[in-house]
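First to last, the protein sequences are chains A and B.
249 is the number that the numbering used here gives to position 249 of the first sequence; each next residue is one higher, with no gaps.
167 is the number that the numbering used here gives to position 167 of the second sequence; each next residue is one higher, with no gaps.
Hints listed in this document are in silico derivations from the structure and should not be mistaken for laboratory results.
Treat the hints with care, as some may be off.
[Said to hold, decoys possible] In the DMTMM-like style, the derived pairs of lysine to aspartate or glutamate whose C-alpha atoms are separated by at most 25 Å in a straight line are:
no.	chain 1	residue 1	chain 2	residue 2
1	B	K216	A	D91
2	B	K216	A	E111
3	A	K142	B	D43
4	A	K160	A	D71
5	B	K117	A	D207
6	A	K82	B	D43
7	B	K103	A	D215
8	A	K160	A	E115
9	A	K80	A	D229
10	B	K103	A	D71
11	A	K92	B	D221
12	A	K220	B	E53
13	A	K82	B	D300
14	B	K216	A	D206
15	A	K92	B	E113
16	B	K216	B	E136
17	B	K95	B	D197
18	B	K216	A	D215
19	A	K202	B	D221
20	A	K202	B	D197
21	B	K216	A	E219
22	A	K89	B	D221
23	A	K89	B	D43
24	B	K240	B	E136
[Stated by the list, open to error] Covered, in the sense of this in silico footprint (three residues per stretch, anywhere, with C-beta under 8 Å from a C-beta of chain A), are these stretches of chain B:
no.	segment
25	41-50
26	175-188
[Claimed, not checked] Partial list, computed: chain B residues near chain A (C-beta under 7 Å):
no.	residue
27	Y35
28	T36
29	T37
30	S38
31	E109
32	N111
33	A218
For each residue, glycine too, the CB sits at the ideal point set by N, CA and C.
Next come the chains, spelled out residue by residue.
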Amino acid sequence: MSFKSSGGAVKETARQQRKAWVWIMLMVNIVFLLMLMTLGIIALRVGNYLPETDIVFVVGKDTSVTVGSEDKAAWEGKEKLKIFSTSHKNDKGEVTVESSDSSNVIAPGTESVYEFTMYNNSNIAVFYEVDFDFLVEVGGIKQSDEEEERFPLELRMRTKTDDFVIGSENEYVPIYDACLLGHRRVLGAESYETFVVDLRWKFDGDDITDTELGDLSAEKGVMAFLSIDTYAEEHIDPAVVGGTRIHDEKTEIGGSIRWMWLLLLMINTAVIIFYVSWLMNKRLQKW
Amino acid sequence: MKKILAKNKFLKIASLLVVVFLITTCVIGTTFAKYTTSSSGNDSAKIAKWGIEVSASGSLFGKNYGNTIVASNASDITVKAETNADYNVVAPGTKNDTGFQVKISGTPEVNYEMTSKAEEVKDIFLSAGTYGMMVEKYGLNAASDVKGLYTYNTTSKVYTKCTTSTWTEGTTYYTLQDSVEIDGTYYPIQWKLNGTDYDTLEEALAVITTATNGTKVAVVDSADAEYTLTWSWAYEQTDKENKLDTVLGNLAAGKTNVVKRDTKTSALDEEKYKSVIDFNSDDYSLEVGFKYNITINQVD
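Given these sequences and hints, build the entire structure.
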């Protein structure tokens, strides 16, 4: 028996054990990382349902997006607006359309202009979307999409600086088509954007359709319903600009701390991996 | 001893890792939780009412009359158009009590303009003048006094009164019969619109067109209106009117010897007559009828 031969066998076993432990170590690290990510996803799901006032989930952000108009200072829920009117005048100021029962009325030749403003009072930028919804009822019964598609009301939407979001200076879009489009824009921190919605029913449009609607309204009553829906969510980059600033002073952007936290997360993760690997290595060396 | 110390150290490190792990979890939660909000506003409007209806019904004239229009197989027909005639007829003693109705209804919620026109209006009439029948005088000879009779010039188509008594052989002489003079235009048909009498069709239709023309105001001005037009041609009238009706009847029968004094070429002391059919449409008409059109449009 030689010492060389017994020492070689021990070394081989130790090498094989080290190999095994390396693999085990690697798998433990991977499992640990996956566990971290899973917990992160759970936190995301839970975080979306918690109220904004839960300071545990709102760090560095001061969020507030509101919508207001001349007739309604702040929209809350489903607001009743004054988009339409009970009578209309022509270019000469003469009343040419008048409701017989003080309800709002539209007819060929009528136009409406409605303004509303999106206010982002937050210290972070937001994505927001403005959508329209339109439906027609005859005698209280909702009409089909095909009937609504034929309705002669047209719409265009622009900002106060005449940046057209829907349609153009010379073009109105049929109301049905306008409702199919989603209009996504960006509002910077502490900024606002005012929109002007122009509605019209052309006087010299399709006389047959116009007369059909007028006769049907006299017989059964025809109602048109228009809603303006807004949705806002936090922008991935809280410092992006858009709209007009509410104040001239520079705002401290919130949520930018998030990048620091992301970096901290990465560092923590790296540290955890290093520690675990180092510990495992130490254990391996002892064995 | 070393093992215990190592174990404690391991536990401390493990505890530290747990704490760091918890903090990291909060950070992840902070990192991915996002702010969202939504708002909505709505309004509604009714479509302005239109609902104007215009209808015209009834017929004014017919082919067969008892005294009003009756069917072709009625037993009391007194006036009848020719068989297979494509025209209606009127005559003394005929009338229509049900007549022609125009109905307009609706109160729109928009301003609107009504445009009403009566076109191709024709009414039976004879213009002012002296009418009669030229009848050939027979049995004249050299001994006859022809002063006051008429001779006919085939070239000028004029009947001229003889101012001398001398009969000329080969000349045809005529006598003027059933002479009747009217100072103004004679309209034999009496019209009635919603119970009010009018001497001419044009006057009656002017009432309708005047009332149904113009711009109306939404809601305030209702379009509701109804008009009924009837007529009658009296049978028993004055002697003068009966003679005029006979003139019209003879003209309708195509008789060329129905004459009217020609005042355009006659001197004051000279009487010349022409066949009525040689006069133009300003002097007489044997037709009655009209076209009525109404359009109603929204105005801006």
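Keeping to a limit of 25 Å between CA atoms, is the pair of A:K92 and B:D221 held or broken?
Roughly 20 Å separates the two Cα atoms, so the pair holds.
Pair hint B:K240 and B:E136, alpha-carbon separation not exceeding 25 Å
holds, 23 Å
Could you grab the alpha-carbon distance between A:K160 and A:D71 and see if it respects the 25 Å cut-off?
holds, 17 Å
For B:K95 and B:D197, compute the direct alpha-carbon distance and say whether it is at most 25 Å.
The given pair, whose Cα atoms are some 14 Å apart, holds under the 25 Å limit.
Counting residues of the segment 175-188 of chain B with a beta carbon closer than 8 Å to any beta carbon of chain A, are there 3 or more?
Three-residue rule not met by the segment 175-188 of chain B, so violated; n is 0.
Agreement of B:K216 and A:D215 with the hint, judged by alpha carbon distance not exceeding 25 Å:
holds, 18 Å
Are the Cα atoms of B:K117 and A:D207 separated by 25 Å or less?
With Cα atoms ~22 Å apart, B:K117 and A:D207 stay inside 25 Å; holds.
B:K103 paired with A:D71 [C-alpha distance capped at 25 Å]:
violated, 45 Å
Run the distance test for B:K216 versus A:E111: straight-line Cα separation, threshold 25 Å.
Holds, at roughly 21 Å.
Is the Cα-Cα distance between A:K220 and B:E53 25 Å or less?
holds, 16 Å
Holds or violated: B:N111 as interface residue toward chain A, Cβ cutoff 7 Å?
B:N111 check passes; min Cβ-Cβ to chain A is 5 Å, inside 7 Å.
Hint validity - B:Y35 Cβ closer than 7 Å to any chain A Cβ
holds, 4 Å
When held up to the earlier numbered hints, the structure conflicts with 10, 16, 20, 26 and fits the remainder.
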